[in-house]
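Input sequences plus hints: build the corresponding full structure.
Chains as they are written, first to last, in our numbering: chain Y, 710 to 1135; chain G, 1034 to 1273.
Careful: at least some of the hints might be erroneous.
Stated by the list, open to error - Calculated cross-link-like contacts (lysine-lysine; reagent style BS3-like; alpha-carbon spacing at most 25 Å):
{"id": "1", "chain 1": "Y", "residue 1": "1047", "chain 2": "G", "residue 2": "1237"}
{"id": "2", "chain 1": "Y", "residue 1": "771", "chain 2": "Y", "residue 2": "1131"}
{"id": "3", "chain 1": "Y", "residue 1": "1001", "chain 2": "Y", "residue 2": "969"}
{"id": "4", "chain 1": "Y", "residue 1": "969", "chain 2": "G", "residue 2": "1155"}
{"id": "5", "chain 1": "G", "residue 1": "1155", "chain 2": "Y", "residue 2": "1131"}
{"id": "6", "chain 1": "Y", "residue 1": "1036", "chain 2": "G", "residue 2": "1168"}
In case anyone wonders, no lab produced these hints; they're calculated from the structure.
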Amino acid sequence: MRHPTMIFMASSWICIALLWGCIVFAADTITDEPERSTGTQQVVHGAYLARVGNCMGCHTTKSGQPFAGGRRLSTSFGIFVTPNITPDKETGIGLWSEEDFWQALHQGKSRDGRLLYPAFPYTEYTKVTRQDANAIFAYLQSLPPVSQSNPPNDIFFPYNFRPLLAIWRALYFKAGVYQLDQSQSEAWNRGAYLVRGLGHCNACHTTRNVLGAGQDDALTGGQIMGMNWYAPSLSSQLEAGVGDWTIEEIVTLLKTGITKRAVASGPMATVIRQSLQYVSQEDIHAMAVYLKSLTENESGNAPGVSFSVMSGSLRRHLDLGGQLYEKYCQTCHGVDGKGMPGIYPALAGNRSVTMKSPLNAIRSVLNGGYPPTTAENPRPYGMPPFQQILRNEEAALVVSYIRNAWGNRGSLVTAVDVDRSKGGGY
Amino acid sequence: MMRCFILLVFFCITCVANVHGGTPVEVPDTMAERVKACIICHGAEDKVGRDAYYPRIAGKPQGYLFNQLRNFRDARRYYQPMAILLENMTDEYLLEIAQYFSALQLPYPAPEQIHMQPEEIKLAERLIYSGNPEKNIPACNACHGDILMGVEPAIPGLLGLSRAYITAQLGGWRNGGIMRGQTADCMSEIAQQLTDEEANAIAKWLASQFVSGKPSPFSVLSPELAHRCSQNILENGGAK
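Following this line, the structure appears as structure tokens:
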């Protein structure tokens, strides 16, 4: 009888100590808040915000000078080349004022009044507060100037006629800082501000129309422009919605790129490596609170094949995929498709495998990949690229199989789907 | 109350046990397990598979492997399948991967059976062991080690590679360099001086040699050649 009592007492003390730690931690972060305005602190805060907004993700080339631009963004309207935003007077934004920067971020207008192409996500950045914009500007101005002229954009006719942007803006752009929703908690509002504003998640997680405008900021997923990846819906339970996840699990995915039931791959892995892993505990928690609240009305019936009506030929077709699975995939993902949570993702019940667009599953099979190397997961395990081994038909069979084994339901994949997934950036 | 607590503890323990018990996959906490994605192409058993192009990396100097991993990741050396795998890796992890493969001992496959004319062999051996001073081509073994197994820490060995791979690399160097954006690349200068006939002879000869030995120490390199190839030899491999 005494032994469990002691365990209970000890655990109570641990709980109290942890709670106390949390309170002290919270108190610390609160007392830090009001002193942002002074110079150095503003720069430090701006550096943090630039991380959260992942400015360098676009404004730095691979192995290039940080923030010196030059990265080429391929879109269906042409190639946009990101500008140099270091404080170089000739080639960067050294001559810009705080007001100029605000005009770009908030209004989508350059220093000379030219309208900016929404490849620069001012449709999201417009929600950023003036105080935060000023801090980012202060940080950028504190960087060493880099003299680097980047090539001009290469945009197709008629989109290269810039005044047309006025029409686009009238249709799809409304300037305005994020407005607090009084019916929601402070954390929710902070999360919404970061997800919909500075974090510009909607730049990828939306379906764009023929003029490149996102639907709204409901984060309902879509093909990423200029990239052969599908950014899943963040509100659908059939895709990447996290309504039924715990806050801790969402935080873990955003911070480390891997949880027991999901792994970030493709462009999301890069976003985590470059940006999200550095977001403060408080802010990432807020983002998780907001993301968890996103829900979508949906029927709940996954598309795909129903085994009860499956014909003999279809079954044989999937069996062929099963044989390939046994040969190439089973060692890591297991006979039962359960993998090793946190190391090799489960495929059974994995929404990246079963969601309507098979693109990401196909790309993962063809290209393999590693979760991002993060502070929490510094030595990740990876998936081999099978492009060198499997023909298109074989890749189609194995993806069709994993989309329909172990209770999974997803449409069948064809060799043409596999071939289409090979183009585009990565 | 106490009984409830004991039941709760028991429940927690069985939950944990279930999570582990349900998965038959065994994952050892080793580098060998972590680099499975690499050995699908670079493994011993796949050397003679469907595509003989992929180079052997086991036993190459650590600095060379580390530099190449960073070059692929940072788009200085262009090969998309490698770039995709390495995209989100830190230098620390890449160094660990380089250490692993550098220390890895794998048996070498039998050399390729390639028919060569006697004059072709003579041409290859002259370039490899003496170079061509008239065209400012140094002997291959002046930089790549007297036994052509590379030089520590950053010059690769030339043996145990397929003819297809060596030919492709010489072609890559000739067309502006394998490492983009690096000026005064010694191998670019050398490859541009080689005729097709010479490049082919070298590739055939190298691929048909028996392989043994290890990379030579850095001290074998003459100061002049070390300077000429400094871009490649430098510990940071041109990285910033």
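Of the hints stated earlier, which fail here? 1, 4, 5 and 6
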